[in-house]
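Number of protein chains: 2
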Amino acid sequence: MGEKYWIGIDLGGTNVRMGLFNDLGVIVDEKRWLTEADKGPDYVIQKLIDAISSIKKDYLIQAIGIGLPGSLNSQEGIVLSCTNLPKWINIPLARIISDSLQTPCFIENDCNVAALAEATMGAGKGYDIVYYITVSTGVGGGLCINGEIISGATGNAGEIANIIVGESKIRHSYLNSGSLESMASGLAILRAAKEKGLNVKYAHEVFILASQGDKDALDVTESALDFLARGMAAIAHVVDPHIFILGGGVAVSVPGFTSNIREKYEKYVYEMMRGKVKIELAKLKEPGIIGAMHMAKKQQEAKAKKKKE
Amino acid sequence: MGEKYWIGIDLGGTNVRMGLFNDLGVIVDEKRWLTEADKGPDYVIQKLIDAISSIKKDYLIQAIGIGLPGSLNSQEGIVLSCTNLPKWINIPLARIISDSLQTPCFIENDCNVAALAEATMGAGKGYDIVYYITVSTGVGGGLCINGEIISGATGNAGEIANIIVGESKIRHSYLNSGSLESMASGLAILRAAKEKGLNVKYAHEVFILASQGDKDALDVTESALDFLARGMAAIAHVVDPHIFILGGGVAVSVPGFTSNIREKYEKYVYEMMRGKVKIELAKLKEPGIIGAMHMAKKQQEAKAKKKKE
Chain A
1 MGEKYWIGID LGGTNVRMGL FNDLGVIVDE KRWLTEADKG PDYVIQKLID
51 AISSIKKDYL IQAIGIGLPG SLNSQEGIVL SCTNLPKWIN IPLARIISDS
101 LQTPCFIEND CNVAALAEAT MGAGKGYDIV YYITVSTGVG GGLCINGEII
151 SGATGNAGEI ANIIVGESKI RHSYLNSGSL ESMASGLAIL RAAKEKGLNV
201 KYAHEVFILA SQGDKDALDV TESALDFLAR GMAAIAHVVD PHIFILGGGV
251 AVSVPGFTSN IREKYEKYVY EMMRGKVKIE LAKLKEPGII GAMHMAKKQQ
301 EAKAKKKKE
Chain B
1 MGEKYWIGID LGGTNVRMGL FNDLGVIVDE KRWLTEADKG PDYVIQKLID
51 AISSIKKDYL IQAIGIGLPG SLNSQEGIVL SCTNLPKWIN IPLARIISDS
101 LQTPCFIEND CNVAALAEAT MGAGKGYDIV YYITVSTGVG GGLCINGEII
151 SGATGNAGEI ANIIVGESKI RHSYLNSGSL ESMASGLAIL RAAKEKGLNV
201 KYAHEVFILA SQGDKDALDV TESALDFLAR GMAAIAHVVD PHIFILGGGV
251 AVSVPGFTSN IREKYEKYVY EMMRGKVKIE LAKLKEPGII GAMHMAKKQQ
301 EAKAKKKKE
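Sequence order for the protein chains is A and B. For the first sequence, our numbering assigns the number 1 to the initial residue and increments by one for each residue that follows. For the second sequence, our numbering assigns the number 1 to the initial residue and increments by one for each residue that follows.
Only chain A is shown next, with the shape it has when bound in the complex (with noise of 0.2 angstroms):
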């Protein structure tokens, strides 16, 4: 006992993975578990609470951080609404944690995040404006200035998925028609790709066809990477970061992904600004953890120092 302990969380729709860290940043404890959302967020909350007691009972933790996919109200600690945990609705998800394990708790964005940790750990360490994109299944970003989260005024700061980059038919529920979600993720080129009568089961998939001089597979690549270029020409226009980084299942898995981004991004955005940005993969294995950690830390250090003052 006496050396300080924190925990960081990643929460998502299939898995939980959970991190204990030193005051230095180094990890000495994992483990990871089912989320089982289906069965709803009071048994995914108390299997946390059970996980982090029985950590609780041998380390002297300073304060618990938990990043999950939706959207949040970080400041109040509050869960609004999560795409892939059903019925999680308005729950006051850190105040629940921390009264019943007398231990500070705070919530961040997954892509948020991730972004510090990227900012704080990987690709982006050094670097004062941080931009980081996932692109999987969906589209997602996270903004991190000197080191800092920016959440924005509803917490929808890096909800990139929504910007509009081109002209589209297709009508969505909650996206704009032509956003970048629905122009350029993974679930959008697999779309595509089977219009294409691809035969393909992920997004990858049509990345190597194209490399293989598929014609039909290079046009759905070359589409969707052009309107990322577009999405990243627009962040570069409102924030001008020093850095990109790229993150999330197609940006990894696909070779020569960020080069090809940059000869398109290039195009879009204005000639002084060419050569100048850096592109780069995300470096981090276990983001999610990692800036979870961080993140708490943070927000305790300024609670502790808003205190003093």
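Simulated from the structure, these hints should not be mistaken for lab results. Among these hints, one or two may not hold up.
Since the list can't tell identical chains apart, any single copy or any two copies may satisfy a pair.
Taking lysine to any residue pairs in the SDA-like style, the calculated list, with each CA pair at most 20 angstroms apart, reads [claimed, not checked]: (1) K47 / R17; (2) K39 / K87; (3) K87 / E205; (4) K276 / I78; (5) K278 / N73; (6) K305 / N146; (7) K285 / S253; (8) K276 / L80.
Starting from the known structure of chain A, fit chain B onto it as the hints suggest.
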């Protein structure tokens, strides 16, 4: 003597405005003169130096801040290029002024400076994330977070003119096809109105015709506002500001501009973001000189603090 004073300058293509401020930010003297940009940078800069010199005799000037339209390296104090100031290519303006007058000088893009002014003393006072947008002949923007200008990696944060908001067949020399400026600026409104055969000289006249029931004028203004709303939605998904502040000739001269924009904006953001962002008109008459002064003060104080450490 003894009391501290600061100078803020708004260096435009047509006019130069200069304000002398005391340490409380109150303006104590103001001058304005024609830029005479056609006489070249040496001439314009010498007139600037002469004007500051004549004030410097009587006041203890701490620093000089200059806001100007164009692409800058604000950290190095270099004007890279300037649309309204011909021949201003790679001019180390801050160094020239500070060497000549033995007084620290800082430069910044005029939209960023206006954003800082509104964030500090105008409509954005008290809000963490402020996005300032000017709609006049062109479209520009500036971002302030916690009272600091975010210039970005290449000084292009806020250069929202180039964000793609729609499809267009018109090609531009330096802007994206379908960019915000080409779809929603005063010039774009005027061009579209003339294409429809409307007899107008200024963009705001198109709004007047629209309010009088002219169907063609209404088509033009509704389309421009819709594209502006798309641009604002893109900004919201990237950085989620607490407030949008709308300035510039078109925005401030058209009755009901903000409520019309809000209605369109809400369609393009996630449901949970609707009704939450503030959209207000700019409040300050001279954001250029006020913002330039605040910028210089902040830069000088940060420099002094760094030296101390």
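We went through each hint and held it up to the structure:
no.	hint	verdict
1	K47 / R17	within (12 angstroms within a copy, 64 angstroms between copies)
2	K39 / K87	within (10 angstroms within a copy, 68 angstroms between copies)
3	K87 / E205	neither (33 angstroms within a copy, 52 angstroms between copies)
4	K276 / I78	between (39 angstroms within a copy, 17 angstroms between copies)
5	K278 / N73	between (31 angstroms within a copy, 18 angstroms between copies)
6	K305 / N146	both (18 angstroms within a copy, 18 angstroms between copies)
7	K285 / S253	within (13 angstroms within a copy, 53 angstroms between copies)
8	K276 / L80	between (38 angstroms within a copy, 15 angstroms between copies)
The earlier numbered hint that this structure contradicts is number 3, and it is the only one.
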